[in-house]
Amino acid sequence: MTSGTALTLGPVMFNWPVERWRDFHFAIADEAPVDTVCVGEIVCAKRAPFLAPALPAVVERLVRAGKEVVLASPILVGSAREVADARALAATPDFLVEANDMGMVGLLAGRPHCIGPTVNVYNERSLALLARRGAVRCTLPWELPRASIARLARAETGAQLEVAVFGRMPLAISARCYHARAHGLAKDSCRYVCANDADGMEVQTLDGEPFLAVNGTQTLSFRYLNLVGELAALRAIGVGRFRLSPHALDMVAVARIFRDVLDGALEAGQAQERLRTVAPAAVFADGFFRGRPGADWGAGGADPPGE
Amino acid sequence: MKPLLELVCPAGTLPALRAAIDAGADAVYLGFRDQTNARNFPGLNFSRDELAEGLQYAHGRRRKVFLAVNTYPPAGGFAPWQAAVDDAARLGVDAVILADIGLLQYCAETHPGLRRHLSVQASAANPDAIEFYRREFGVRRVVLPRVLSIGEIAALNGEVAVETEVFAFGGMCVMAEGRCALSGYATGLSPNTHGVCSPASHVRYVARDDALLARLGEFTIDAFRQGEPAGYPTLCKGRFVARGRPSHLFEDPISLNAAAMLPELAAAGVRALKIEGRQRGRAYVQQVTAAFRRAIDLVAAGGRADASALAGIAEGGKTTGGAYTRTWR
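Note that the protein sequences, when read in sequence, are chains A and B.
Each residue of the first sequence is one higher than the one before, starting from 1 at the first, in our numbering.
Each residue of the second sequence is one higher than the one before, starting from 1001 at the first, in our numbering.
Treat the hints loosely; a few may be bogus.
[To be verified] Listing some non-contacts, in silico: residues in chain B with all C-beta distances to chain A over 12 Å:
no.: 1; residue: 1014
no.: 2; residue: 1059
no.: 3; residue: 1060
no.: 4; residue: 1082
no.: 5; residue: 1083
no.: 6; residue: 1086
no.: 7; residue: 1087
no.: 8; residue: 1090
no.: 9; residue: 1115
no.: 10; residue: 1141
no.: 11; residue: 1217
no.: 12; residue: 1232
no.: 13; residue: 1239
no.: 14; residue: 1284
no.: 15; residue: 1298
[What the hints assert, rightly or not] For each label pair, taking beta carbons as the anchor points, the in silico distance ranges come out as:
no.: 16; chain 1: A; residue 1: 186; chain 2: B; residue 2: 1060; range: 28 to 38 Å
no.: 17; chain 1: A; residue 1: 208; chain 2: B; residue 2: 1279; range: 30 to 40 Å
no.: 18; chain 1: B; residue 1: 1211; chain 2: A; residue 2: 53; range: 47 to 57 Å
no.: 19; chain 1: A; residue 1: 92; chain 2: B; residue 2: 1301; range: 47 to 57 Å
[Claimed, not checked] Here are some chain B residues pointing at chain A (derived, C-beta under 10 Å):
no.: 20; residue: 1073
no.: 21; residue: 1091
no.: 22; residue: 1135
no.: 23; residue: 1190
no.: 24; residue: 1218
Bear in mind the hints are in silico, worked out from the structure with no lab data behind them.
Quick caveat: nothing in here was measured; it's all calculated off a predicted structure.
We put the beta carbon where it would ideally sit given N, CA and C, even for glycine.
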């Protein structure tokens, strides 16, 4: 960690072949200037068994490279099997666990843990309560505006605040699988069609405008959150940790761009250009941060009304 | 003897409250006229005085009133939520329906005698999550998300020490409730932050060729040919294109109707049935409440209702057993 800031790589949310998933993390371990890496299947319990054999090697490589490893828990826990898996994860020694549902928050009571961005933390009381129960870090929900982030940072609850700054924004989770549904399949016999779309399946409006991206039971934004132009503003309001969400891109390059901006080695304008080069097909958005529709893009800079 | 299943009905206005009580509701649920509840729609909900009047009407007939304070207070903006809970205690509502853990804690500490139910907006769908809310905040009843099959509900009831309430009729969220920012992505206003989903203030209809496009913010979320029935355009019920094919990608415009499954829900240990629709009119509330009153009484007498009685007033005119029948899997 340099210059008082830290970069986190969030969990891979998509169904990548296990070899790709493993090699991606090896490259992150060897080359990416990130401080923390979250690993684990958080979207669909049916995918988890495929990653399990590669997990020990990935964790070992990351630890050896000096990365802090955080084990991310599933977003939606329903079936008896999912409940049992969550309890086993909560009992894992040696690593911080990131809770992505309230059941996991309950299971982790009294031991240091992280709160993931899919746990509803909207106000100071909620954050303080979680901190008192052992949360050392909280990645805030994707839809929080700058004013809320600033107030939560001022609350000084003892939990470090982390804010997501890059990647498609998870907007919804369901018990139903929309990848399967779009292929005319049932969830129980899905043939893992979600593996066809490394960054999610594009969903357009009826007039052909790209709108959302379906990732199995999860629905994400089509547009990519990009707050590289807001890093200075976020630091000014007291946020020191920033999260990048993995995509089928050169994520090592993405991490370098954000690291360079945090270190003062790259200006925000140049960073935007480089991100466009690394992710030429991505359409960017920063609306939630500015208190606007999440799909909006203000290119950073302009203050939202009021604050 | 406890009634078999408690019937909990929606009230967006005082006339709807009276209609629900008169038609046989055991309890009504309602919200204050502000962003503290998840149906923050124009012309809907209760002032403090109206709530007092509603309480008098309900309590005079030995029925209950639950107050939904089930959105998420923003940082620096706790006061309206605190006031809602304080006024609920002062006026004597029978329970508050909450979702935010900060508000649950405030309520448990400040008004320990005020019964707390967990809103569906907290999306507690597994025993560990429910146990967390029971242990930390003394929650007595959980409104279950509309994602569980009857078998899963039965298993859950075997593991938790709280009452459960399930949706029996009305519009459905296919996404986990309280964890959805689709509306916010298109409009900046979401259920958690503003108590609205796909708000009318951001809906526009645009005529194009022989179709009417329903636009939400800057996105087209549905299109209707001339003569095609056009329901209210809710984002997740809209039509979108995936793999080159337009469809109701997330959910067909269809309503939940569990009227024919009441014996199974009772056997699964469910304590209460919830009717969705605080935004619907008095006639809807009267009709659905009366039908479910009959259905519950029939089950208590060993019979079973069929689902046909209410098909006509369901959203989109079509109904489903939803997740209860497990066809989603």
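Per-residue hint verdict: residue 1218/B, partner chain A, C-beta under 10 Å: Holds. Min distance 7 Å.
Would you check whether the claim that residue 1083/B is not at the interface survives, using Cβ distances to chain A and the 12 Å cut-off? holds (15 Å)
Since residue 1014/B was said not to touch the interface, does its Cβ keep a gap of more than 12 Å from each Cβ of chain A? Consistent with the label, residue 1014/B stays out of reach of chain A, its closest Cβ about 31 Å off (over 12 Å).
Check the non-interface label on residue 1217/B: least C-beta distance to chain A beyond 12 Å or not. Nearest chain A Cβ is 5 Å from residue 1217/B, so the label is violated.
Claimed clearance of chain A by residue 1298/B, with the beta carbon kept past 12 Å: holds (30 Å)
Measuring from beta carbon to beta carbon, are residue 1211/B and residue 53/A in 47 to 57 Å? This hint holds: roughly 51 Å between Cβ atoms.
Using the nearest Cβ pair, does residue 1135/B come within less than 10 Å of chain A? holds (7 Å)
May I ask you to test the interface hint for residue 1091/B with respect to chain A, counting a Cβ-Cβ separation under 10 Å as satisfied? violated (23 Å)
Does the claim that residue 1090/B lies outside the interface with chain A hold up, using a Cβ gap greater than 12 Å? holds (21 Å)
Could you see if the CB distance from residue 208/A to residue 1279/B stays within 30 to 40 Å? Cβ of residue 208/A to Cβ of residue 1279/B: about 32 Å, so the range 30 to 40 Å holds.
Is the interface hint for residue 1190/B satisfied, with its Cβ closer than 10 Å to some Cβ of chain A? At about 6 Å, which falls below the 10 Å cut-off, the nearest Cβ of chain A leaves the hint on residue 1190/B intact, so it holds.
Taking the shortest Cβ-to-Cβ distance between residue 1060/B and chain A, state whether it exceeds 12 Å. Non-interface label on residue 1060/B holds, nearest chain A Cβ at 36 Å vs cutoff 12 Å.
Violated hints, listed in ascending order, are 4, 11, 13, 16 and 21; each of the other numbered hints is respected by the structure.
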